[in-house]
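**Q** Sequence:
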Amino acid sequence: MLKHTEPSHSLLQQPDSRQSFLFSRLQTCKTQQEIKQLHALSLKTGNFNHPSMASRFLAFYADPKINNLDYARSVFEQIQEPKLLSWNIIIKCYIENQRSNDAVALFYELLHELTPDVFTLPCVIKGCARLNAIQEGEQIHGLALKIGFGLDKFVQSSLVSMYSKCGEIDSARKVFDGMGDKDLVSWNSLLDGYSRCGEVELAMELFEQMPDRDSFSCTVLIDGFSKCGRIEKAREIFNRMPDRNLVSWNAMINGYMKSRDFVMARQLFHQMPTKNQITWNSMIAGYEFNGKFMEALEMFEEMLSDGLLPSHVTLLGALSAVSGLAVLSKGKSIHSFMVKNGFELDGVLGTSLIEMYSKCGSIDSAQTVFKTIRQKKLGHWTAIIVGLGMHGMANEALELFSEMCKAGMQPHAITFLGVLNACSHAGLVDTGRYYFNKMIHDYGIEPTIEHYGCLIDILCRAGYLEEAKNMIDSMPMTPNKVIWMSLLSGSRNYGNVNIGEYAAHRLMEVAPNTNGCYVVLSNMYAAYGQWDKVSQVREQMKKRGIKKEPGFSCIEHKGVIHEFVVGDKSHSQTKEIYSKLKEMREKLLSMGHVPDTSQVLLCLEGEKEKEAELENHSERLAIAFGLINVEPGNPIRIIKNLRVCNDCHTVTKLLSDIYNREIIVRDTSRFHHFKNGLCSCKDFW
DNA sequence: GTAGGGTTAG
Numbered sequence: 001m002l003k004h005t006e007p008s009h010s011l012l013q014q015p016d017s018r019q020s021f022l023f024s025r026l027q028t029c030k031t032q033q034e035i036k037q038l039h040a041l042s043l044k045t046g047n048f049n050h051p052s053m054a055s056r057f058l059a060f061y062a063d064p065k066i067n068n069l070d071y072a073r074s075v076f077e078q079i080q081e082p083k084l085l086s087w088n089i090i091i092k093c094y095i096e097n098q099r100s101n102d103a104v105a106l107f108y109e110l111l112h113e114l115t116p117d118v119f120t121l122p123c124v125i126k127g128c129a130r131l132n133a134i135q136e137g138e139q140i141h142g143l144a145l146k147i148g149f150g151l152d153k154f155v156q157s158s159l160v161s162m163y164s165k166c167g168e169i170d171s172a173r174k175v176f177d178g179m180g181d182k183d184l185v186s187w188n189s190l191l192d193g194y195s196r197c198g199e200v201e202l203a204m205e206l207f208e209q210m211p212d213r214d215s216f217s218c219t220v221l222i223d224g225f226s227k228c229g230r231i232e233k234a235r236e237i238f239n240r241m242p243d244r245n246l247v248s249w250n251a252m253i254n255g256y257m258k259s260r261d262f263v264m265a266r267q268l269f270h271q272m273p274t275k276n277q278i279t280w281n282s283m284i285a286g287y288e289f290n291g292k293f294m295e296a297l298e299m300f301e302e303m304l305s306d307g308l309l310p311s312h313v314t315l316l317g318a319l320s321a322v323s324g325l326a327v328l329s330k331g332k333s334i335h336s337f338m339v340k341n342g343f344e345l346d347g348v349l350g351t352s353l354i355e356m357y358s359k360c361g362s363i364d365s366a367q368t369v370f371k372t373i374r375q376k377k378l379g380h381w382t383a384i385i386v387g388l389g390m391h392g393m394a395n396e397a398l399e400l401f402s403e404m405c406k407a408g409m410q411p412h413a414i415t416f417l418g419v420l421n422a423c424s425h426a427g428l429v430d431t432g433r434y435y436f437n438k439m440i441h442d443y444g445i446e447p448t449i450e451h452y453g454c455l456i457d458i459l460c461r462a463g464y465l466e467e468a469k470n471m472i473d474s475m476p477m478t479p480n481k482v483i484w485m486s487l488l489s490g491s492r493n494y495g496n497v498n499i500g501e502y503a504a505h506r507l508m509e510v511a512p513n514t515n516g517c518y519v520v521l522s523n524m525y526a527a528y529g530q531w532d533k534v535s536q537v538r539e540q541m542k543k544r545g546i547k548k549e550p551g552f553s554c555i556e557h558k559g560v561i562h563e564f565v566v567g568d569k570s571h572s573q574t575k576e577i578y579s580k581l582k583e584m585r586e587k588l589l590s591m592g593h594v595p596d597t598s599q600v601l602l603c604l605e606g607e608k609e610k611e612a613e614l615e616n617h618s619e620r621l622a623i624a625f626g627l628i629n630v631e632p633g634n635p636i637r638i639i640k641n642l643r644v645c646n647d648c649h650t651v652t653k654l655l656s657d658i659y660n661r662e663i664i665v666r667d668t669s670r671f672h673h674f675k676n677g678l679c680s681c682k683d684f685w
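For what it's worth, UniProt numbering labels the leading residue of the first sequence as 1, then goes sequentially.
Hints are computed from structural coordinates only; laboratory data are not their basis.
There could be a bad hint or two in this list.
[Claimed, not checked] Label-pair restraints from in silico Cβ distances:
#, residue 1, residue 2, range
1, 270, 112, 51 to 57 Å
2, 208, 478, 37 to 43 Å
3, 371, 208, 56 to 62 Å
4, 378, 631, 36 to 42 Å
5, 589, 375, 53 to 59 Å
6, 109, 270, 47 to 53 Å
7, 232, 273, 19 to 25 Å
8, 101, 208, 34 to 40 Å
9, 101, 214, 27 to 33 Å
10, 371, 114, 42 to 48 Å
11, 371, 333, 18 to 24 Å
[As the list claims (entries may be wrong)] Here are the simulated SDA-like cross-link-like pairs (lysine to any residue), alpha carbons at most 20 Å apart as the crow flies:
#, residue 1, residue 2
12, 174, 196
13, 469, 497
14, 332, 633
15, 653, 680
16, 126, 184
17, 227, 260
18, 580, 657
19, 580, 568
20, 481, 642
21, 292, 561
22, 36, 71
23, 377, 407
24, 258, 272
25, 146, 178
26, 682, 395
27, 44, 77
28, 227, 290
29, 580, 566
30, 146, 174
31, 653, 633
32, 340, 301
33, 275, 312
34, 481, 450
35, 376, 409
36, 332, 344
37, 406, 441
38, 377, 414
39, 533, 496
40, 126, 110
Yeah, the Cβ is synthetic: ideal placement off N, Cα and C, and Gly gets one too.
Sequences and hints are given; from them, build the entire structure.
**A** Shown next as structure tokens:
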């Protein structure tokens with residue numbers, strides 16, 4: 001960086017002697033090096049602070065081609081009493097670099113010195129729109145009127161757009177109606193407003209009233225229809241577009257992804273003449289959003305091998321897909337890619353990484369990432385608290401929660417959800433009640449149905465079934481499937497058939513197709529020997545065509561995911577796996593393990609068949625695979641789509657001891673760390 | 001030499 005030294009006295013007296021020379025050089029020079037030399041020269045010769053010189057340099061550094069924001073700022077800082085033009089340039093530069101916060105802050109600084117003009121206002125209004133800062137936007141609107149720029153077309157259009165983006169469609173309309181001279185941009189701004197707030201009929205009406213339309217107008221409308229699920233209508237407009245641009249293709253892809261039409265999305269993706277980063281991001285995020293994690297990761301790989309640089313958005317999508325599949329190795333490689341390419345972890349990417357590591361079962365790495373983030377934000381604290389809770393590490397989660405409060409952070413609703421979830425997985429009833437009340441009374445946060453769900457779950461797991469039932473009856477919202485399921489599971493665990501039946505009936509009203517409901521209900525009857533009721537449930541399931549959701553377990557090895565279902569014989573290592581299973585069975589037997597068949601679902605009659613079913617549970621196959629393939633010293637990580645059954649839980653504990661291996665199992669809601677014959681959940685799950 | 005409108009992202 002250049003040092004702005006005091007110019008020598010003699011040169012200062014005759015600054016204009018070299019000014020025209022500097023001016024013409026400035027016009028023709030191309031490299032950053034050259035401009036820096038001229039900049040140095042201007043400082044030496046005392047021309048830097050000449051009225052139009054400084055802003056010329058500033059404009060050069062602020063130019064999108066050079067785009068050295070920090071340097072531009074340092075140049076700006078050196079200007080003595082910068083003219084409005086310089087302020088405008090630097091504010092615009094901040095907007096262009098997605099630093100709207102700083103742009104707005106600079107604008108308020110500017111107000112102490114000068115009066116803004118018709119160049120400043122649209123720019124800073126755009127910044128407010130980006131920040132969703134409606135209050136600042138309104139303030140600046142008032143200021144614009146006060147200083148006499150209320151009728152400037154550019155100012156008005158930017159206001160229409162700002163109000164539209166902030167969801168204040170009525171205010172947008174009011175400014176629009178007050179415009180004397182409307183052009184395409186002002187029409188499009190309002191059209192965007194209607195599209196954004198889902199008023200697509202009004203948008204369509206406006207579209208038809210417009211004196212002119214361009215590809216912007218069509219794209220805005222396409223996006224509006226896409227977002228509210230009317231993909232056919234969007235397609236119609238797209239088909240009629242004379243000049244389809246990249247953005248309209250992207251908007252269509254998003255629309256198809258939103259309506260889960262992967263075939264059409266992919267078709268457009270291949271058809272379009274050119275793609276950009278957003279196109280790829282839309283495909284990746286679209287797949288991820290719909291739970292198509294494998295496809296999302298394949299797209300991500302393809303994007304990289306095409307030589308495109310991913311953005312934050314790309315990485316967010318890829319990391320979420322990794323979390324969904326729990327492919328730790330992939331997550332690690334994305335993490336190192338991020339470090340290598342200088343992606344900051346201070347923002348959502350840090351949150352996403354913490355989430356990824358916890359969901360991949362590596363809570364240690366999640367904690368490491370959390371510790372390395374210098375400026376910890378609420379999202380980071382929340383992510384790690386949620387992660388620790390999932391891993392049954394309630395004490396650590398609660399400790400971090402109080403540390404976070406000490407650091408001056410205001411926890412929000414999700415943070416409390418993490419805390420309550422942690423309490424639930426550790427069976428901390430009183431602590432759970434305490435935080436639930438603290439949230440309401442100390443932080444003024446209205447509990448959502450999820451918060452109630454957590455607390456009710458805590459009560460149910462601990463056997464406080466009456467209290468849970470009372471809470472369900474008295475809570476201000478209609479109980480959902482999750483809540484009735486908690487009550488039902490609690491009733492099964494504590495043998496309360498009455499409350500269990502009540503919960504099951506309510507559950508069937510709310511969500512008649514919940515297969516888990518029938519399974520738990522029949523397990524409950526079976527556990528207490530009510531076999532006639534067991535067959536009734538079986539009949540009901542048959543009549544309604546409900547089948548037990550097939551369980552599967554996955555294990556990743558060397559970047560490949562191996563999936564197993566009950567009694568699976570399709571794997572290439574089947575022979576080895578089954579002989580390992582035999583060995584496991586013998587070792588378990590010699591430890592005196594007696595299979596617990598109480599949770600085996602009905603259709604199997606004899607004890608022997610039931611035991612055989614347990615032995616072939618998908619996670620046992622996955623464990624066998626892990627014992628064969630995962631190098632000793634490394635934990636065996638398994639992902640399940642169902643809850644761990646009683647017998648598998650006992651068996652896995654024993655296996656961790658017998659084979660001296662750490663086994664980490666992720667089920668639908670949490671992690672179990674099996675080690676030395678014990679589980680991190682302390683048998684409470 | 002400076003200004004307003006569209007796509008991904010919780």
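**Q** Taking the hints in turn, state whether each one holds.
**A** So, going through the hints one by one against the coordinates:
no.: 1; hint: 270 - 112: 51 to 57 Å; verdict: holds, 55 Å
no.: 2; hint: 208 - 478: 37 to 43 Å; verdict: holds, 41 Å
no.: 3; hint: 371 - 208: 56 to 62 Å; verdict: holds, 58 Å
no.: 4; hint: 378 - 631: 36 to 42 Å; verdict: holds, 39 Å
no.: 5; hint: 589 - 375: 53 to 59 Å; verdict: holds, 56 Å
no.: 6; hint: 109 - 270: 47 to 53 Å; verdict: holds, 50 Å
no.: 7; hint: 232 - 273: 19 to 25 Å; verdict: holds, 23 Å
no.: 8; hint: 101 - 208: 34 to 40 Å; verdict: holds, 39 Å
no.: 9; hint: 101 - 214: 27 to 33 Å; verdict: holds, 32 Å
no.: 10; hint: 371 - 114: 42 to 48 Å; verdict: holds, 46 Å
no.: 11; hint: 371 - 333: 18 to 24 Å; verdict: holds, 21 Å
no.: 12; hint: 174 - 196; verdict: holds, 17 Å
no.: 13; hint: 469 - 497; verdict: holds, 14 Å
no.: 14; hint: 332 - 633; verdict: holds, 18 Å
no.: 15; hint: 653 - 680; verdict: holds, 10 Å
no.: 16; hint: 126 - 184; verdict: holds, 17 Å
no.: 17; hint: 227 - 260; verdict: holds, 12 Å
no.: 18; hint: 580 - 657; verdict: holds, 16 Å
no.: 19; hint: 580 - 568; verdict: holds, 14 Å
no.: 20; hint: 481 - 642; verdict: holds, 16 Å
no.: 21; hint: 292 - 561; verdict: holds, 14 Å
no.: 22; hint: 36 - 71; verdict: holds, 11 Å
no.: 23; hint: 377 - 407; verdict: holds, 10 Å
no.: 24; hint: 258 - 272; verdict: holds, 19 Å
no.: 25; hint: 146 - 178; verdict: holds, 16 Å
no.: 26; hint: 682 - 395; verdict: holds, 13 Å
no.: 27; hint: 44 - 77; verdict: holds, 17 Å
no.: 28; hint: 227 - 290; verdict: holds, 15 Å
no.: 29; hint: 580 - 566; verdict: holds, 16 Å
no.: 30; hint: 146 - 174; verdict: holds, 18 Å
no.: 31; hint: 653 - 633; verdict: holds, 17 Å
no.: 32; hint: 340 - 301; verdict: holds, 17 Å
no.: 33; hint: 275 - 312; verdict: holds, 18 Å
no.: 34; hint: 481 - 450; verdict: holds, 11 Å
no.: 35; hint: 376 - 409; verdict: holds, 10 Å
no.: 36; hint: 332 - 344; verdict: holds, 16 Å
no.: 37; hint: 406 - 441; verdict: holds, 18 Å
no.: 38; hint: 377 - 414; verdict: holds, 14 Å
no.: 39; hint: 533 - 496; verdict: holds, 15 Å
no.: 40; hint: 126 - 110; verdict: holds, 17 Å
Every hint, counting from the list given before, is met by this structure.
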